[in-house]
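Visitor: These are the residues of each chain, in order.
2 protein chains.
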Amino acid sequence: MYQIIDGKKVANEIQENIRQEVNKLSQERKKIPHIAAILAGNDGASETYVNNKIKAAEKTGFQSTLIRLHEQTTEKQLIEEVEKLNQNQDIDGFIVQLPLPKHINEQKIIETIHPSKDIDGFHPINLGRMLLNLPCYVSATPYGIIELLKYYQIETTGKHCVVIGRSHIVGSPISILMAKNNPVGNATVTLCHSKTKNLKHYTLQADILICATGSPHFITAEMVKYETVVIDVGTTRIKSKESKSGHKLIGDVKFDEVAPKCSYITPVPGGVGPMTIASLLKNTLLAAKKEIYK
Amino acid sequence: MYQIIDGKKVANEIQENIRQEVNKLSQERKKIPHIAAILAGNDGASETYVNNKIKAAEKTGFQSTLIRLHEQTTEKQLIEEVEKLNQNQDIDGFIVQLPLPKHINEQKIIETIHPSKDIDGFHPINLGRMLLNLPCYVSATPYGIIELLKYYQIETTGKHCVVIGRSHIVGSPISILMAKNNPVGNATVTLCHSKTKNLKHYTLQADILICATGSPHFITAEMVKYETVVIDVGTTRIKSKESKSGHKLIGDVKFDEVAPKCSYITPVPGGVGPMTIASLLKNTLLAAKKEIYK
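Protein chains in written order, with our numbering: chain A, 1 to 294; chain B, 1 to 294.
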């Protein structure tokens, strides 16, 4: 019988641990962590994401600051806002919610964020330090996956981990982390992507299969072997009359047919998704405690 | 019949092309590239390496500066030297030869080098930008491997590339590069290392096998399939009465028995090795032309 990896439960526990730590800081009259977010423009989804992050931060006792900029904000104005946050000693870490309005160069903005406050872990220095296995901010999704594997004490050393998808924010970093000489790591890692031929040849070898393609229900039962650990990062939003919001999230994996073959599997929703906010808060706490950069 | 990948020939061609480009710059009375190297201490091998780099640089018409510091140089003194080179507008790029004396923190020194002059490509920013497929200095060995595959027009897209070894300077970066959406890239990449179980299971799948373990004659004929492309990064130095220098270089691959099964194979010496200096000179030229950082 397969076991569900309950991301909601793990995320709640992590957030509760952070809340207790913040509470203690507060009792000791120490500075409590302060997160900031910049939201430029009026993208509906972005607005929801940022609000959820800020709400979760406040729930754990963080101070939070939301900076709203209008759609027509220039790149120069945005850079000025970023630099203000870099210099503001009260702000421990901050994010610039992506995507940005099209006239703004995202990479330039990311590289303007001071690496020590880059709690999204998108700055090249943090990625480079990850590659060197040095202390760094790991971005939310890969960090969340590592935490889930740790929580369920899933053995990774010497296992064959197959990652599908080579995006900068999920597939590439998680493929790197899984191969590092760390307690959750030391796996033999195969990175597959859109140019991979005969994908099934690889997925059938996976002891741990991490899917981050964004193709709904792409992974079927015949593609996985028995006892595989399946981590489904996909969250394709489709219209649905069944839910109040009018849409539902579909993973990369055909859960109903794949799950019976698995030892562990993440559901969608409720698997990797809830971990991303917990990861961001964890990075903010690390920033406040200056555990990554002194 | 297998084809030898002749690194010496390719390196000579690259260096000759650079020499012609420098010659043209000189005729146009433009600034010619200027490389510098810092050598701290008296390690015999390091001395040879640095001298070879400087000699090759001069042969291609570069200006060069060698800064020699004694074994007892403090970390602070070395940092001052690095900062002088960072600020010296005449120096386009420089290296600090590794390993450094044990009392000096190598990572700290590497991170002191300005990324725009980091022609070794060891700064976390350059590694992070490599991961993001942005313009960057790629370190010498991975760069050399890519150039060899390009020169011999070896198809990589959709091929299974198996990398053995996860070092920061070879295995990890080449495993990343081979999977990127680039002309030499788009391979499905498996990264194996000391914790991999049943290595042969993976090597037998390799269309392209890149060995960077440093274990002499580790790869035997029974570990590779027919028509594999084998890139041998190993250069273990052993004593030998046969050579004038008193030692010879042994690769990771048992060449005599593996070569007959291959489509292409690099010899040791004369394969990847000669490419590293060519790569360093190429990075210096890119630095002088400000093609990576404006």
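Hints are computed from structural coordinates only; laboratory data are not their basis.
Fair warning: this is a prediction, and the values are worked out from it, not measured in the lab.
A hint or two may mislead.
What the hints assert, rightly or not - Here are the simulated SDA-like cross-link-like pairs (lysine to any residue), alpha carbons at most 20 Å apart as the crow flies:
#  : chain 1 : residue 1 : chain 2 : residue 2
1  : B       : Lys-195   : A       : Leu-132
2  : B       : Lys-290   : A       : Leu-132
3  : A       : Lys-108   : B       : Lys-225
4  : B       : Lys-180   : A       : His-168
5  : A       : Lys-294   : B       : Lys-76
6  : A       : Lys-294   : B       : Ile-79
7  : B       : Lys-197   : A       : His-168
8  : B       : Lys-294   : A       : Ile-109
9  : B       : Lys-195   : A       : Ile-109
10 : B       : Lys-197   : A       : Gln-205
11 : A       : Lys-225   : B       : Asn-198
12 : A       : Lys-108   : B       : Glu-291
13 : B       : Lys-225   : A       : Asp-256
14 : B       : Lys-197   : A       : Asn-181
15 : A       : Lys-195   : B       : Asn-182
16 : B       : Lys-294   : A       : Lys-195
17 : A       : Lys-294   : B       : Asn-105
18 : B       : Lys-180   : A       : Ile-169
19 : A       : Lys-159   : B       : Ile-79
20 : A       : Lys-225   : B       : Gln-205
21 : B       : Lys-195   : A       : His-168
To be verified - Label-pair distances were calculated between CB atoms; the ranges are:
#  : chain 1 : residue 1 : chain 2 : residue 2 : range
22 : A       : His-201   : B       : Ser-263   : 46 to 56 Å
23 : A       : Asn-133   : B       : Lys-290   : 58 to 68 Å
24 : A       : Arg-29    : B       : Lys-31    : 52 to 62 Å
C-beta atoms are modelled at their ideal positions from N, C-alpha and C, and glycine is treated no differently.
Visitor: Taking the hints in turn, state whether each one holds.
Guide: Hints and how they fare:
The straight-line distance between the Cα atoms of Lys-195(B) and Leu-132(A) is roughly 18 Å, inside the 20 Å bound, and the hint therefore holds. Annotation: proposed proximity of Lys-290(B) to Leu-132(A) is violated, straight-line Cα distance about 26 Å (limit 20 Å). Restraint check for Lys-108(A) and Lys-225(B): the C-alpha separation of about 45 Å exceeds 20 Å, so the hint is violated. For the hint linking Lys-180(B) to His-168(A), the alpha-carbon distance of about 10 Å falls within 20 Å, and the restraint holds.
For the given pair, Lys-294(A) sits about 18 Å from Lys-76(B) by alpha-carbon distance, which is consistent with the 20 Å threshold. With a CA separation close to 19 Å, the supplied pair Lys-294(A) and Ile-79(B) stays within the 20 Å bound. For the given pair, Lys-197(B) sits about 28 Å from His-168(A) by alpha-carbon distance, which is inconsistent with the 20 Å threshold. For a cut-off of 20 Å, the pair hint linking Lys-294(B) to Ile-109(A) stands: about 17 Å separates their Cα positions.
Of the pairs offered as hints, the one joining Lys-195(B) and Ile-109(A) is violated, with about 39 Å between alpha carbons and a cut-off of 20 Å exceeded. The straight-line distance between the Cα atoms of Lys-197(B) and Gln-205(A) is roughly 13 Å, inside the 20 Å bound, and the hint therefore holds. Of the pairs offered as hints, the one joining Lys-225(A) and Asn-198(B) holds, with about 18 Å between alpha carbons and a cut-off of 20 Å not exceeded. Between Lys-108(A) and Glu-291(B) the alpha-carbon distance is near 17 Å, which keeps this suggested pair within the 20 Å criterion.
Taking the CA atoms of Lys-225(B) and Asp-256(A), the gap is near 38 Å; set against the 20 Å cutoff, the hint is violated. Pair hint Lys-197(B) plus Asn-181(A) holds up; C-alpha atoms about 15 Å apart against a cutoff of 20 Å. Restraint check: the Cα-Cα separation between Lys-195(A) and Asn-182(B) comes to about 11 Å, which is no more than 20 Å; the hinted pair holds. A distance of roughly 32 Å separates the Cα atoms of Lys-294(B) and Lys-195(A); the hinted pair therefore is violated under the 20 Å criterion.
For the given pair, Lys-294(A) sits about 16 Å from Asn-105(B) by alpha-carbon distance, which is consistent with the 20 Å threshold. With a C-alpha separation of about 14 Å, the suggested pairing of Lys-180(B) with Ile-169(A) holds against the 20 Å cut-off. At most 20 Å may separate the alpha-carbon atoms for a hinted pair to count; Lys-159(A) and Ile-79(B) exceed this at roughly 42 Å. Proposed proximity of Lys-225(A) and Gln-205(B) is supported: the alpha carbons are some 18 Å apart, at most 20 Å.
Distance check on the hinted pair: Lys-195(B) and His-168(A) sit about 26 Å apart at the alpha-carbon level, beyond 20 Å; violated. Hint check: His-201(A) to Ser-263(B), Cβ distance near 20 Å, so the stated range 46 to 56 Å is violated. Taken as a hint, the range 58 to 68 Å is violated for the pair Asn-133(A) and Lys-290(B), whose Cβ atoms sit roughly 32 Å apart. Checking the proposed 52 to 62 Å range against Arg-29(A) and Lys-31(B) shows it holds: the Cβ atoms sit about 58 Å from each other.
Violated hints for the displayed structure, listed by number in ascending order: 2, 3, 7, 9, 13, 16, 19, 21, 22 and 23.
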